[in-house]
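Residue numbers (our numbering), protein chains in the order written: chain A, 1 to 81; chain B, 1 to 745.
Everything labelled a hint here was simulated from the structure, so no lab data went into it.
Take the hints with a grain of salt, since some may be wrong.
To be verified - With beta-carbon atoms standing in for the labels, derived distance ranges:
#, chain 1, residue 1, chain 2, residue 2, range
1, B, D177, A, I45, 25 to 31 Å
2, B, A161, A, Y77, 42 to 48 Å
3, B, D36, A, D15, 54 to 60 Å
4, B, D463, A, S70, 45 to 51 Å
5, A, T37, B, D177, 23 to 29 Å
6, A, S70, B, A179, 30 to 36 Å
7, B, G23, A, D15, 21 to 27 Å
8, B, G726, A, G40, 35 to 41 Å
9, A, G40, B, K8, 43 to 49 Å
10, A, G40, B, K124, 27 to 33 Å
Virtual Cβ for every residue (Gly too), placed ideally from N, Cα, C.
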Amino acid sequence: MVKVRLWGSLRQAADGRTEVEVEARTFKELLDRLGETYPGLAPQIARGVSLSLDGVIYREAWFTEIGPESEVVLMPYMTGG
Amino acid sequence: MSLDEYRKREFKQVGQRVRRPDGVDKVTGRAMYGADATAPGMLVGRILRSPHAHARIRGIDTSAAEALKGVKAVLTGADLPAQEDDFIRDVQDNCMARDKALYDGHAVAAVAAVDAATARAALKLIKVDYEVLPHVTDVDVAIKPGAPVVQKGRSLENVPAGMSENVTSHCEFGHGDPAAGFARADHVVERHFRTAATHQGYIEPHAALASVTSDGKAELWCCTQGQFFVRTLCAAIMGMEASQLRVTASEIGGGFGGKTTVFIEPVALALSRKAGRPVKIVMTRDEVFRATGPTVHTSTDVKIGMTKDGRITAAEAHLRYSGGAFPCGTVDMGAQAAFAAYDLEHVRTYGWNVLTNRPKEAAYRAPGAPQSIYAVESVVDELCQHFGLDPIDVRLKNAARKGTKSSYGPTFPDIGLIATLEAAKKHPHYSAPLQPGQGRGISCGFWFNFGGNSCVSLNINTDGTVGVTEGNPDIGGSRASISLMAAEELGIEYDRVRTIVADTSSLGYNDVTDGSRVTFAVGLATIKAAREAVRVMCGRAAKIWGIDAEAVEWKDGAAVPAGPNAGKFPPMSLAEIAAVSFETGGPIAGHHEVNVDGAGVSFGVHIVDVEVDKETGQTTVLRYTVFQDAGKAVHPSYVEGQMQGGAVQGIGWALNEEYIYGADGRLQNPGFLDYRVPVASDLPMIDTVILEIPNPGHPYGVRGVGETGIVPPLAAISNAVSRSAGIRLSELPMSPPRVLKALGG
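Turn these sequences into a full structure, and let the hints guide you.
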């Protein structure tokens, strides 16, 4: 199981929690499981999210592998100028 | 992307201040900018814009314009297809209004005619039947229930019930229990701040030349930060396949984020398709201000608690951003960035995006971060003043570092903030004496940086020179830095490499030039492409020598036997291998396509000295020093230019620049006479200190430098003003009238 930290305004879509656990080995699996387990998160995931793995931010990269002890944080999709 | 890309090495090319490849063209006037494009039979396109901040379009009568001799096409929103995707629909509706004009300057119709005079005359013949609606241009007014609603039904599911329909999204970040943290503070400061919308102020107005043929193919030449994204947007709006639309980016006269989307490009294409001839549109400066993409304007509350020895116990911010008449997510970035420089046990940020009758926001260096960090760094400074503490010492005491749980969630890996603060503290500027009436301010800054999709093709020419093809317009020196990295990897001189920017039919997809990504991400792809070419060249040498390819290595620009067991052969240089490439298997090239991550966040610290004239309210910047971590400065002069340019734009934001709207909702200052950007005579030399703390996610340790520099100036100058004049302003810009008012004048 992978612990995923959510940002605060997603709490209401995840049964009031800002940290959830899902079974996933990659970012793709993680996003799929999050959307299935917490349908309220699906609209945000569809709009786009970034993921931080052990402090490094990824904007896409479905097949990035996640270790069981990895720190995973869901973030809004990064944009810049 | 793995974080073990970096290998320490001695550089021979990287780090040199080589001649810029675009210099001669630019100083001699040969460089081809957007407005320089031309085509046989080209028509002139002009756009009719709304004079109202908010109005329903009941009808548009174009018959008189169409009947005018010399007019070849007239376009309205009705000519463009309905779009299902919200994002594409917003882009399209911003380029050409459909049923409502949403801001002063919103495009409502366009014409293509044989010359500019005819086009202008045709615009005057178009009759638009407006029903003027109540408007709102201020974020603090628009957020209130009962305010005029700019667009109905745009609120996301995360917006709490009971708010104005203008609130389109809400976000919240942070951890801990701020209330408990504030209770432990010796002093708590809570302040309200506002920042004006500003424009990127690029010198070159938007320009586009479109040519759509009767068989459905199209060419588009335009000034943009991202020709591939232009293709994506225009193909969707035009209902075209990507392969049928080739977009070529011109030389670019500044972008800073403002040329990351489209405004006139789909209009030029649609007019060309309708007229059956090429159509060129060049914006006037008035149009650039009224109808491109300035920043958000903001309203922020910040509350910070501190102990008397300078430890922050809790921090909280409420951010209200408006990106104009369309939803935008910039507040998410501002909310995440606000407290990123601090190691906090209790922190929370809340953000709301609010619609107003203003132009659709476009990115501007580190979008969202300057505004929130201005508010935070101002309150931190006020607390330093309250306790009589040194502002750098306080920031060092509270600085985010490796292992800090950031205010936006992730735990930081190695970051360079403390090194940057320490460099600032020991710099002579920080201890230089000030004269009476002068004040010194500092501020930290932060930006995320990112990588993104990047394709590079590297060709070894038979004369031993190298051509690199990449897909990102060069807005900050990327052709030079990419050539330097290719030369470094290949072991040849910089002058042997030429880098060009490809059109969309010549290379795979490249993300926009934004996010401080190009030197980092395209540079990484270049290094990988060069390594692929080296692999091929080693293979050719091995065949010539009759040994295994594994027995050959690349050293100082030549293939050499890998060891004594490989045999004794004289080195074969790149030029020697290239010269016989036709005989040894054909042309030699390397290419690399990747979506790069691992950019590494960036911190900066600025020190500024100012003097406020208490009679006129004018603030003079006396001395300015920028400290920033570049990872590895590939071309130090360009890095310094990025740091200086960011600082100057931030100085303008702090002191003078603002979108000013009248009670009628119309922009009052759409020109550089009334929208005052700093010019050289306003400024001292901006000194720079480049720190080089290698980014583990890049082979040479590079990290982006393009955006962080604009973040600290807002607060640094505000903090300096407070120490010079004894007043704490909480609204930007700190223009002379506003300073005088604060002084009681």
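Discussion item. Name the hints, by number, that the structure is in violation of.
Written reply: Failing hints, ascending: 2, 7, 8 and 10.
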